[in-house]
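So the protein lines, in turn, are chains H and X.
The numbering of the first sequence is this note's numbering, which starts it at 1 and goes up by one.
The numbering of the second sequence is this note's numbering, which starts it at 220 and goes up by one.
No more than 20 Å apart at the CA atoms, straight line, and that leaves these computed lysine to aspartate or glutamate pairs for DMTMM-like:
no., chain 1, residue 1, chain 2, residue 2
1, H, K121, X, E314
2, X, K262, X, E314
3, X, K442, H, D60
4, X, K391, H, E59
With beta-carbon atoms standing in for the labels, derived distance ranges:
no., chain 1, residue 1, chain 2, residue 2, range
5, H, G120, X, D359, 36 to 44 Å
6, H, P119, X, K293, 16 to 24 Å
7, X, R356, H, G95, 15 to 23 Å
8, X, D359, H, V36, 28 to 36 Å
9, H, D182, X, G352, 28 to 36 Å
10, H, G39, X, A334, 38 to 46 Å
11, H, S195, X, P348, 34 to 42 Å
12, H, E6, X, F339, 40 to 48 Å
13, X, Q446, H, F218, 28 to 36 Å
14, X, S229, H, G120, 39 to 47 Å
15, X, T439, H, S156, 53 to 61 Å
16, X, D280, H, F56, 20 to 28 Å
17, X, S229, H, S147, 54 to 62 Å
For the record, the hints were derived by calculation from the structure and aren't laboratory data.
Quick caveat, the model's predicted, so the values are computed rather than measured.
Idealized CB from N, CA, C, for every residue including glycine.
In case you want the letters, here they are:
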Amino acid sequence: MALSREQIAQRVAQELQDGFYVNLGIGIPTLVANYVPDGMEVMLQSENGLLGMGQFPTEDEIDADLINAGKQTVTTAKGASIFDSAESFAMIRGGHVDLTVLGAFEVDVQGNIASYMIPGKLIKGMGGAMDLVAGAENIIVTMTHASKHGESKLLSQCTLPLTGKGCINKVLTDLAFIEIKDNRFHLVERAPGVSVEEIKALTAGELVIPENVPEMTFI
Amino acid sequence: MAGFDKVVSSYEEALAGLEDNMTVIAGGFGLCGIPENLIAEIKRKGTKGLTVVSNNCGVDDFGLGVLLPNRQIKKILASYVGENAEFERQMMSGELEVILTPQGTLAEKMRAGGAGIPAFYTATGYGTPVAEGKEEREFDGRHYILEKAITGDFAIVKAWKADRYGNLVFRKTARNFNPMAATAGKITVVEVEEIVEPGELAPDEIHTPGIYVNRLIKGTFEKRIEQRTIRSA
Chain H
1 MALSREQIAQ RVAQELQDGF YVNLGIGIPT LVANYVPDGM EVMLQSENGL
51 LGMGQFPTED EIDADLINAG KQTVTTAKGA SIFDSAESFA MIRGGHVDLT
101 VLGAFEVDVQ GNIASYMIPG KLIKGMGGAM DLVAGAENII VTMTHASKHG
151 ESKLLSQCTL PLTGKGCINK VLTDLAFIEI KDNRFHLVER APGVSVEEIK
201 ALTAGELVIP ENVPEMTFI
Chain X
220 MAGFDKVVSS YEEALAGLED NMTVIAGGFG LCGIPENLIA EIKRKGTKGL
270 TVVSNNCGVD DFGLGVLLPN RQIKKILASY VGENAEFERQ MMSGELEVIL
320 TPQGTLAEKM RAGGAGIPAF YTATGYGTPV AEGKEEREFD GRHYILEKAI
370 TGDFAIVKAW KADRYGNLVF RKTARNFNPM AATAGKITVV EVEEIVEPGE
420 LAPDEIHTPG IYVNRLIKGT FEKRIEQRTI RSA
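Whenever a hint applies, use it, and build me the whole structure from the sequences.
Dropping the structure here:
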């Protein structure tokens, strides 16, 4: 069965490491914060200028001067720091963030990502996404494998305007965990109960399938 | 005003000299840390044809969004503009020119502008629509595009506290673009919640030195929250 949003987040959380500085995008990536393994310390970067984002405030703690990049009210975690936007993107662009997780509309076999614009329909802007994909070494894209109409989002070439070129090497969808290298998708894991054939049928770009494709495991 | 005293007594005085077709750089992220009273004064003044540089453009009835109904903004550089129906209408109809600019590039354009650096190379936007018409160059096997710095005729800034000399302290994430905006205005106008006497702020705690600030005014702030999210106690 396809993974739920929560399960996608849970699988991404398995890629976290103790001491990681992590930037989580809006949507499914935000949920990853709920699955940080016990005993592991991870610090969340919010690109509006906060390193060490805490949980949402209680009614009494709400502070209009303390928000995250999704403009939600938040709190600071222990050991947090606050800085201006140039500093925030210096740490992003300078490759200091250990892991970036963000959503996308499409990715392709060359590691290109389209995530910010659908011409004529959705023109809201890229926010910090272009800086994040250009600056980070370690990026995980989370998205559904195909659209509601069954059209693959893993393509041989992106059709929408790009957010970044040649910068993506890991994609976690509701069906599979895929790596991108040598201009091809490589199937690494499949969602429990989802067959290799199903994944293949919904992957438009060239997909390399190893002999053994393990199912994802959840604790 | 005398010597280093930057304090002005009215919003009218704070924005004296702002004229049609000028460029205004504004601090703020979403509705957080926006110079809300200075924006309201621009609306009252009716200045038109402005080029605005700001991460966002407010919402329909608050922040920079209030300048849209009377078509006061001609062009805007912003990274994310998704919260505003009138904005979208004017953009789609071509009444408003929108230059979508990556957030980090926007911050760096302001920083560079204020620091006397005319342009800089960044990997951000390489191979995307943002790179169109821009010089590209390779350094050590990576591709970069040349982005130009920005300065404004005016910069409008919100800080938390200031002394009369214009030394500024920001509060929490209301800092965001404000320090960079403060450096990039030919005339930088700052509104704050509290003004203290010089010497009351420790030199080490000042985020923006008063050298960047031309005019300072104390305001009262609504501080509207865009996404009120809470957990149960």
